[in-house]
Structures are given as structure tokens and as C-alpha cells.
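> Listed in order, the protein sequences are those of chains A and B. The opening position of the first sequence corresponds to residue 60 in this note's numbering, with each subsequent residue numbered one higher. The opening position of the second sequence corresponds to residue 11 in this note's numbering, with each subsequent residue numbered one higher.
Among the hints, a few may not be true.
To be verified - SDA-like mimics (lysine to any residue), calculated; alpha carbons at most 20 Å apart, straight line: (1) A:K301 / B:G49; (2) A:K301 / B:L38; (3) B:K659 / A:L166; (4) B:K416 / B:Q440; (5) B:K487 / B:F525; (6) A:K301 / B:S60.
Stated by the list, open to error - Only part of the chain A face toward chain B is listed, based on derived beta-carbon distances under 8 Å: (7) D125; (8) S129; (9) L247; (10) P249; (11) G284; (12) G290; (13) V297; (14) G300; (15) D318.
Hints listed in this document are in silico derivations from the structure and should not be mistaken for laboratory results. All C-beta atoms in this analysis are idealised placements derived from N, C-alpha and C, irrespective of residue type, glycine included.
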Amino acid sequence: MSEMRSGGLHHKAEELAAGLPPLLIAAERVAATVSQGVHGRRRVGQGETFWQFRRYQTGDSAADIDWRQSAKSQPVYVRENEWEAAQSVWLWRDVSPSMAYRSSNNLPTKSDRADILLLALASLLVRGGERMSLLGSGRPPATGRAVLTRMAQTIESTSLQEERPADSLPPFELLPRHGRLVLFGDFLSPLMETKAALDPYVGRGLTGHLVQILDPAEETLPFDGRVQFQGPEREGDVLIGKVEAVRADYIAALSRHRDGLAAMARGAGWTFTTHHTDHAPESILLSLFLALTQGRSW
Amino acid sequence: MIALGPLSFAAPWALVGLALLPAIWLLLRLMPPAPMRMGFPPIRLLMDLSTDQESTATSPLWLLLLRLLMAAALILGIAHPLLNASSMIRSQGPLILIIDDGWAAARDWPARQTMIGNLLDQAGRENRQVAVVTTAKISLKSARPAVEFMTAKNARDRVAPLQPKPWATDRKEALQPLLTSEDLLKSQPGHVIWLSDGLEEGGSAKLVTELRTLGAVTVISDPSSSAARLLRPPSPEEGVLVLEAVRPDQKGEETIRVRALATNGNLLAREDMVFKDGQKIAAARLELPVELRNRLERLIIEGQETAGSVVLADERWRVRPAGLLDPGGTDSSQPLLGSLYYLERALKPFTEVRRGTLSDLLGRQLAVLVLADPPLLKPEELDRISKWIKAGGVLLRFAGPRLAVKSDGLTPVDLRLGNRALGGAMSWDQPVTLAPFEDTSPFFGLKIPTGKTNEISIRRQLLAKPALDLADKTWVKLSDGTPLVTAAKQGDGWLILVHTTANTTWSNLALSGLFVEMLRKVVALSQGVTAGSGGPPLEPREILDGFGRLGPPPPDTLDIAAGTFSETIAEPEHPPGYYGDESSRRALNLSASLPVTAPFVTNVAGIDYQGYSEARERDLRPWLLGLVLGLALIDLIASLALRGLLNWKRVAGAAAVILMFAPGDEVNAQTRDEMALAASLETRLAYVLTGNPQVDRTSRAGLSGLSAMVNQRTAAVLGTPVGVDPEYDTLSFFPLLYWPVSLGQPALSPRAAAQVNAYLLGGGTILFDTRDQSGSGTGDIVTITRGLDIPPLRPAPADHVLRRSFYLMKEFPGRWTGDTVWVEIPGERVNDGVSSVIIGSHDWAGAWALNDAHQPLFPVVPGGEKQREWAFRFGINLVMYVLTGNYKADQVHLPAIMERLSR
């Protein structure tokens with residue numbers, strides 16, 4: 060308390076602030092909005108929050124008896140707490156060159172949005188006490204603010220690199236069974252390749268959540284006239300004489316691609332959502348978090 | 011070649027290309043534009059899609075028009091447009107250019123050059139051969155070059171260095187090779203174009219007719235109203251120059267202006283000369299005062315820049331100065347009795363008279379030196395005078411009492427010592443008068459006054475020893491045969507002795523009009539010195555060029571013999587200009603030898619006559635091609651911008667960097683001026699900023715308090731004190747500089763030290779205050795004053811002015827007291843007795859410091875407020891001392907003051 064004088068608090072706060080990367084601060088801000096809507100699991104379990112009282116049955120440990128409640132009435136009650144299971148969550152985002160695209164300077168690039176979403180989600184998970192790790196970092200899942208800071212630094216250092224790695228699909232790592240996996244990316248690779256990358260994880264029984272991040276221009280193709288499109292990942296060039304003519308076909312192709320991805324996810328028991336960079340990140344985060352924390356019951 | 015008014019096209023077939031412009035337009039419209047490029051991640055989805063549809067060309071309209079303009083400019087450029095192209099040359103054969111480059115051609119030489127340029131351009135375009143002939147006189151030694159044909163380019167090189175010559179033309183001789191050349195007669199008849207200078211030489215009609223055998227002839231000449239005017243050398247008369255000017259034609263009235271210029275180009279006088287209708291010659295009289303006349307260097311006609319309109323002046327028109335040797339002393343106190351009064355009065359009207367010592371007089375150009383019985387001359391002076399006489403000077407001596415006693419040898423004849431008195435109390439003879447002049451004497455023809463009242467009578471004279479040549483040397487005799495004026499020629503000069511005085515002590519010659527006439531004759535005699543027929547040939551010194559400008563002589567200019575100079579005509583061997591060295595400078599003028607001018611004959615049948623055109627032909631092709639390049643650049647930038655490849659941010663950033671050099675000096679200058687104004691409009695005390703805010707605040711408060719006290723108690727009015735930095739601020743505005751020495755002050759930079767030294771030298775006073783009572787901080791003051799010029803110091807003595815400049819004080823207390831105050835030792839520097847440096851340790855600013863409510867800020871020990879009062883008194887003493895100097899240092903009251911002080 061003595062430290063919390065005027066100068067001391069300010070100083071401490073500055074020190075604290077200096078340690079936080081700006082990305083993390085932005086992510087925390089997003090998470091703070093979302094965390095209003097986080098609830099417990101509504102199940103009985105090994106947590107610390109009170110859930111319910113139930114009658115004593117043979118086999119229960121005597122330490123679990125809540126004597127106060129039992130004294131109020133005749134039967135013996137046992138206190139049950141909510142189930143707050145700490146699960147491991149693995150997070151991954153696409154850092155390939157195709158994610159560095161944005162159609163106008165007012166929108167963030169897709170990779171920026173992916174970073175924000177990832178960190179915000181991580182922040183929420185930390186609040187919930189979950190254990191998480193970045194896929195590909197090699198560290199075991201852990202919980203706590205240190206994890207968050209480390210994750211933020213890793214993400215920032217990767218995004219500052221000039222050369223972006225060309226793989227747009229998650230690498231395979233041997234993860235413990237029944238963990239959770241969250242993948243942020245644009246998933247524009249051919250469906251076969253995506254399926255090949257995700258099947259091993261499906262085989263190990265992990266539950267995955269795919270979040271496709273797209274720019275609104277990629278969604279609607281708002282260009283006119285004669286345009287030569289160049290692929291950012293060296294796929295080649297395409298010269299289209301009149302873009303208006305192909306717009307409808309393109310939108311149809313994109314939705315077909317998306318349907319394919321959704322079907323793949325459904326078949327594996329995973330979830331698939333799409334997010335556009337011109338929408339606020341909070342909108343998807345809540346649903347994602349709920350999807351994460353409420354999965355199958357154990 | 012097609013011509014449309016002033017515009018013409020040299021390659022008109024290229025204009026056909028203009029018909030292609032609509033086709034270009036169509037092409038540009040139909041061509042699809044360059045595609046926009048962009049990166050797009052979901053490109054794989056696009057790859058499977060295909061379309062045959064193409065976008066129509068959507069280049070913006072202004073870009074199309076720009077490109078069209080570019081194409082049009084290119085086509086026009088290829089067509090080689092020309093402005094004001096010359097088309098004078100007719101017929102198929104060669105072009106023969108005859109150029110008059112005599113003196114009269116300088117009248118409008120640029121127009122001639124333009125004309126030649128145009129003609130050569132046309133000849134070059136039409137691939138004609140060109141022959142160039144010039145008609146000025148050629149020196150006898152060189153021969154005229156043969157007529158040769160050359161290309162227009164070579165002709166241009168030949169013509170480019172042509173300049174008008176400052177002598178007359180000789181057309182007959184010049185055109186001889188042309189008319190007799192075999193090749194010309196056999197070749198195709200060409201076009202002869204004669205660029206004449208508008209003046210007739212004689213026989214031009216015949217020449218022109220003969221030229222017709224070579225082909226068509228065109229003569230280009232100025233109308234005679236704009237031909238060259240001639241200015242003849244003036245004849246000098248009594249104080250007036252009579253000018254004469256000549257013009258070729260005689261129609262109409264015309265006024266020209268003549269300017270008289272001095273050596274450095276200053277205008278001395280201007281005179282208008284009027285040509286009456288029907289007259290070719292105009293005359294005017296130019297009156298110049300003597301001084302201006304001697305400075306005259308040249309006369310020119312305004313507006314004409316030819317060699318014939320410039321007349322150079324030489325010594326013949328100069329008024330020769332006469333020098334009177336000033337004996338000094340009593341002469342000035344009693345002028346009428348002095349020896350030079352009458353001489354001066356007599357010589358002044360017609361010549362320049364100078365008075366001075368011998369070295370003054372002989373140091374300048376002098377025609378006549380007059381010695382009116384001076385005190386004894388030293389041998390080296392005598393030597394100098396005799397050298398000067400031999401070089402051509404005229405020495406006129408008058409006798410007098412001194413010469414009678416001792417002759418110094420500088421006389422034309424040997425003198426008998428003593429003088430002869432005539433008609434005095436002790437003599438038998440009557441004062442004699444002059445005998446009539448003989449015809450060998452230079453005074454022959456002068457009228458000797460007769461009659462009772464104005465008869466010349468000589469009362470005393472010096473006698474000459476009889477000698478064989480005395481009669482030859484005598485110029486004026488008295489009626490009894492004794493010489494009055496004797497003269498001997500020595501070298502180039504004359505030594506003339508008048509055997510009586512120049513004032514009225516020995517005769518009344520000085521009062522007569524004959525005296526004046528005789529002196530004039532003597533001065534005129536000196537003018538003949540430079541006009542001697544003997545002597546070395548005169549070298550060219552400065553030569554006029556064709557435009558009447560003086561310059562160094564060309565290498566093949568010959569000397570002129572001195573005897574024949576007056577008859578010499580300005581020719582290629584000796585062009586007009588200055589000849590001879592300093593002592594015998596003569597001017598050779600062109601206009602002296604020219605006949606009266608006449609206009610060029612313009613009515614020969616079959617000859618085409620034209621005037622000079624004004625405008626220079628201008629080639630528009632480079633401009634058009636430049637325009638094409640500029641438009642191409644704009645097109646490039648525009649296309650890049652349209653395709654989205656131009657990064658505006660980078661362009662704007664680069665422009666911003668270039669424009670970032672904002673002038674900062676203006677602001678500095680303004681604040682410096684304001685500071686200077688503020689400092690100088692009121693008397694202010696200044697303190698040196700030490701950087702320590704506490705110390706600075708104290709200094710400021712202290713000096714404010716002191717200024718307030720001074721304003722209250724004395725007549726001095728001080729403004730608010732100012733903090734100065736010796737590095738940057740001007741110190742000279744302030745009478746007193748208070749310098750608090752605080753711990754750790756660094757040494758002064760060289761620039762600051764120089765400023766402070768200048769301040770001390772300029773009379774400023776610095777009060778160093780170490781503020782530490784016991785003087786333990788001497789290290790700091792040594793550091794600060796390292797580069798400064800501190801004079802030797804001593805403790806302030808008991809009778810120092812500081813102790814009594816306003817109040818009588820025994821001690822100089824500040825916040826402390828008891829320590830010594832050091833002042834400058836007097837006598838080292840002259841600063842009106844004010845010590846430049848005062849050093850003490852009493853922290854005066856602290857004692858003087860008052861806040862806004864006039865409450866003291868710091869305590870004063872040990873005397874309290876009484877000591878503070880004395881500190882203020884010291885401050886007032888100091889300010890008075892600095893402002894008034896040694897006013898209080900008078901010794902008259904000192905004993906009384908000392909007595910009071912010791913009480």
C-alpha cells in the first residue's frame with residue numbers, strides 16, 4: 060500500500076505499460092468488450108465457483124460436505140462447484156503473403172486483423188484460466204499473463220519480418236489428443252491442399268475452429284475496366300479485359316469455395332466462420348469464444 | 011518555301027503529315043488502354059474464369075488531346091517554320107556580298123549585322139555560294155585578298171568578326187578584284203547585294219553600273235537622314251571652342267547635340283548645334299571655364315557612335331598652368347606689398363595659376379614657373395629647376411633685393427651685384443621707360459603705354475654684366491639701352507629674367523596693362539614647347555576603334571613623325587587616336603581629313619534600292635521540338651498516374667524536403683534590430699548572463715534597483731537593465747557592464763573575448779563582482795578573463811574619482827564590505843580618465859536588489875540598511891563616473907574634498 064502513493068503508482072503503471080506491446084493492448088481492448096458476455100460452463104465440475112448443493116451420497120468425500128447448509132435442515136448436503144476445466148488451446152494464424160492484402164488504406168490488412176483476433180482470443184482465454192500456446196512456437200501450453208506477453212512478442216516479431224513464409228496452411232505438429240485448435244487465415248488454397256493439411260489434426264481428435272478472414276474487395280470484386288491481377292504468392296498473372304463481366308462468376312466461385320470449406324469442417328466436427336475486415340473484430344470474437352468454451356461436454 | 015505573313019516553312023512537304031492527325035486520333039481512341047495492375051490473393055478463382063469481352067478505351071479526353079497536340083507540334087517542327095525569314099536573294103547563281111565597313115558603317119552596325127545574318131541564312135538554306143568583299147581602306151603594305159567563293163557557313167565565320175574601321179572607304183580599289191575576276195564573269199549570274207553606309211565617295215554610280223555585269227544588283231542603304239554625321243576638330247579661340255559639324259544631305263532642319271567629356275567620362279558641357287534647312291554645315295560656340303577646358307578629353311556627337319563623330323583633344327587646347335613659387339610668411343599678411351599679388355591678378359584670366367612650394371609646383375605638370383625674388387634656393391632645388399627647364403619648362407624670374415645681393419646662377423645672363431637706382435634721392439638719373447620692342451623679341455607688337463599718367467617708369471633695376479651675346483638674349487630694353495628682360499633657351503625650355511621686381515617696389519610695370527600682355531606672351535611661349543618640330547616620332551598610345559572607343563593600338567600601327575603630324579591623315583597605318591608619350595601627347599582625328607559628306611547615289615537605273623530590315627530571322631523549330639519533349643514528359647507522368655503506379659506520397663515528400671530550407675536569418679536580423687533599437691534609445695545598464703538563474707535574477711533586480719535610485723536622485727535617466735551574452739550581443743550600447751563571477755563559469759570563447767576587448771577598447775567599463783567577500787574565488791575570475799585585455803590594476807587610492815563623483819565616500823560597500831576594490835592604473839590607456847575595469851568582491855547587485863515593492867531582497871552585513879544606503883551611493887557614484895568621465899577629476903577642488911573626506 061505504501062508503494063501506491065501518487066508517484067509510485069504512476070511509475071508502476073508506466074512500467075507495466077512499457078512491457079505491453081501495442082498489439083496486445085489493442086487485443087486487450089477488444090477482449091475487454093467481449094468478456095462482458097463470458098459465463099461459466101453451467102455444469103458441475105472442479106472449479107471454484109459455487110454451482111449447486113446436492114445430497115450426500117455414499118462415496119463422496121467427507122471434506123466436501125457443506126456443514127452450514129446441512130445445519131439449516133435435516134439432510135446432509137455436499138457443495139458442488141462449477142466445472143471449469145482448463146483445456147489446452149492451440150492458436151495459429153496465416154502469415155503468408157496473401158494475408159498482407161488490403162483493398163484500401165482505411166482497412167487493416169488481413170494479417171493485422173488475424174493478429175488482433177488471435178491475441179484478443181488469447182486474452183479472453185487467459186481470463187478464463189485456459190492453457191494455450193501458439194502453434195509452431197514449440198512451447199507447451201501454459202496459462203497466465205506471461206504467456207500472453209510472449210505470444211504478443213512472437214507475433215509482432217513475425218509480422219515485422221520482410222520475408223513472409225510462403226505456406227498458407229498450418230504445419231502438422233504432434234499435439235495431445237482432444238485439445239482445441241483455432242486457425243485464422245484466408246484459406247484460399249485449393250480445397251484438396253487444405254483438406255490434406257487438416258486431416259492429421261482431425262485424425263488425432265482435436266476440435267478445430269476455422270476463421271476465414273477476407274477483405275471486402277475479395278468478396279465483391281468491385282473493380283472496373285481492364286485489370287491485370289497478380290498473385291501475391293507467385294501463382295501467376297491474369298489479364299481480364301472487362302472485370303464487370305466476370306464479377307458474377309467470381310462471386311459464385313468464391314461461395315462454392317466457401318461451401319467446400321464449410322462442408323469439410325462440418326464433416327470433421329469443426330466450426331467454420333467467415334470474417335470481413337470491414338466489420339468490427341468483436342463481432343466474431345464472442346461467438347468464437349463461446350464455441351471454444353462450450354464444445355462437447357466431458 | 012511557303013510563307014504565311016511573317017511565318018514561313020522551309021520544308022513544307024512535312025505539313026502533309028497534318029492530314030494524318032485525324033487518323034492518329036482514331037487510333038488513340040480505339041487502342042485499349044494499358045491495364046491497371048494490382049495484387050489479388052484469390053487469384054486462383056479468377057484463373058478459371060475467362061471472358062472475351064474487352065473494355066473500350068477509356069483514356070481521358072485531355073490525355074488524347076495532349077497526345078494529339080504532341081503529334082501536331084512534331085509535324086510542324088519537321089516542317090521547319092521560320093519567323094521573318096529573309097527572301098531577298100533572287101536568281102540562281104552565287105551571292106556576292108559587298109559590305110561597307112568604313113567609319114560611317116558604325117552608325118547602325120547591329121542592323122547591318124542582322125541583315126548579313128539573314129542573307130547568309132537564306133543562302134545557306136538554298137545552298138548558294140557566297141563571296142564577301144569589304145570596302146574599307148587597306149594598309150599599303152597588305153594586299154587585298156582575292157575574291158573567293160565559299161559556303162554560307164564559312165562566309166558566316168568570315169563575317170562574324172567584322173567590325174567597322176575608323177577610316178574611310180576606298181570602294182574603287184576594293185571592288186577592282188571583283189570586277190576583274192575571270193571566274194565571276196564566266197560563272198552563272200548571281201545576285202550582288204551591297205550593304206552601303208549611305209555616304210558617297212565619288213564614282214559610286216559608275217561602280218554600281220559596272221556591277222550589273224555580275225548579275226542583279228541590290229543596294230541597301232540608310233536614308234540620308236540617318237546617315238553618319240561628322241564633327242570637325244574645333245578651333246580654339248579666346249576661351250571658346252568653335253565647333254563645326256557636317257551632314258550629308260541638306261534638307262530640313264536638324265539639331266544634334268555635342269558633348270564635351272573629361273578623361274574619366276564625366277560630362278563637362280553640352281551644346282546644341284542646328285543644321286538649317288539647305289545647309290550641310292552647322293557651327294556652334296562652346297564656352298568652357300578654364301578648369302573644365304583643361305580637363306577636356308573628347309567631343310562627341312550624342313547618339314552617333316562612329317569614329318567621325320569623336321574628336322580627341324590634346325595639349326593644344328589646354329590652358330597651360332603657371333606656378334608661382336610661394337615665399338611664405340609675410341607675403342600673406344601684406345598682400346599688396348607681396349611679390350605675387352600682381353602676378354596672380356595678371357595671370358588668372360587666361361591661365362591656371364598655382365601657388366605652392368617648389369616640390370608642389372614641379373610635382374605636377376607646369377608650363378611656366380615664376381620666381382618673384384624668393385629666399386635663397388637650395389642647390390638641389392636649383393638643380394631640379396634647371397632640369398625642368400631643360401625638359402621644356404619656362405622659368406620667369408623677377409629681380410628683387412635678394413637677387414641683387416647674391417645671384418644664384420639661375421639667370422640667363424651674368425648679373426652685376428647691386429642694383430641701379432634711378433630717380434631716387436641718391437641718383438642723378440630720372441626713372442627710365444621702355445624702349446620700343448624689336449622684331450626679334452617675342453613681345454614685338456605689344457603696345458607700350460605712353461602718356462603722363464600711365465607711363466611705365468623703372469626706378470630700380472638689376473644690371474647685367476656685358477657679354478657678347480647680351481644683345482641676342484635681350485628681349486626688352488630700357489630707353490637707355492640696358493636690358494630689362496633677358497632670356498636664354500636652355501634645352502627645350504626658356505630661362506627668362508625680368509630685371510625689376512614683380513610688384514611695385516622697383517617699378518610700376520606691374521600696374522600696367524603691358525605687364526599682363528607680356529605675361530600672356532610668356533605663357534603662350536610655353537605652349538610652343540610641345541609643338542616643336544624636332545623630337546622622336548610619336549608612338550601610338552590609344553587608338554579609336556570603329557565605334558569611337560579608345561583602346562590599345564593594334565599591332566601593325568606605325569609611328570608618326572613629329573614634324574609631319576599636323577598633316578597626317580587617319581589611315582589604316584595610323585588610325586585616329588592619341589600618339590606620343592605623356593609630355594608630347596597629340597591627337598590624330600579622323601574628321602580633320604574627311605571631305606564634306608554626300609549621300610549615296612540612289613537613282614541609278616536598273617538598281618534595286620532597299621532599306622535595312624529590322625527583325626532578325628528566327629527559327630522556330632527548336633522551340634517546337636522542345637514543346638514536344640515537354641508534352642511527352644507530361645504524358646508519361648499522366649499515364650503512370652492513371653495506372654496507379656505513381657506514388658504521390660513519395661513525390662510530395664521529396665518536394666517537401668526540397669522546400670524545407672526556410673530562411674531563418676530574416677527573423678534573426680529583425681530581432682537584432684529591435685534589440686539594438688531598444689538598447690540605444692535609452693541609456694541602460696547591462697549585466698552579463700551567467701546561465702545561473704539565481705545569479706541572473708539577482709543581477710537584474712540589483713541593476714533595476716540601482717537604476718531606480720539613479721533616476722530618483724540624479725539627473726541621469728536610466729532605462730531597465732538588459733542581460734547580455736558577450737558572445738552574441740553587441741556590448742557597445744551600454745556604458746556599464748556588471749559581471750557577476752560565479753562558481754564554475756567557463757572561459758570565454760574567442761569570439762566573446764574579442765567582443766569584450768572591443769568593448770573595453772571602445773570606452774566601456776566592466777564591474778567584476780566576485781561576490782564572495784574574501785576573494786577566495788580568484789580562480790574563477792582568472793578563468794573568465796583569460797582572453798581579455800585587462801589593464802594593470804591597483805587598489806582604488808584615497809583620492810580616486812569614484813570616491814567623489816557624486817557622493818563623498820570612503821568605502822565601497824555592497825552586501826559585504828571591507829575588501830579592496832581594484833581600479834585601473836591611470837596613464838596606460840586614454841579613456842578620459844575612466845577606469846575600464848573595476849574589480850571587487852562585495853556583491854553589489856545583492857545589496858541593490860529590490861523587488862517590485864521596493865523592498866530589499868537580501869540582507870546586508872554587517873551594517874544593515876545603513877550600509878545598503880552606502881551601497882546605493884557607491885552605485886550612483888559608479889554610474890555618474892561612467893557616464894561623465896573625468897568631469898569630477900578636476901584638481902581645483904581636490905584639497906577641499908580631501909580635507910572633507912579625511913574628517
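> Now tell me if each hint is right for this structure.
Comparing the hints with the structure gives:
no.	hint	verdict
1	A:K301 / B:G49	holds (17 Å)
2	A:K301 / B:L38	holds (19 Å)
3	B:K659 / A:L166	holds (18 Å)
4	B:K416 / B:Q440	violated (26 Å)
5	B:K487 / B:F525	holds (15 Å)
6	A:K301 / B:S60	holds (10 Å)
7	D125	violated (58 Å)
8	S129	violated (64 Å)
9	L247	holds (5 Å)
10	P249	holds (7 Å)
11	G284	holds (5 Å)
12	G290	holds (4 Å)
13	V297	holds (5 Å)
14	G300	holds (4 Å)
15	D318	violated (13 Å)
In terms of the numbered hints stated before, the structure departs from hints 4, 7, 8 and 15, listed from lowest to highest.
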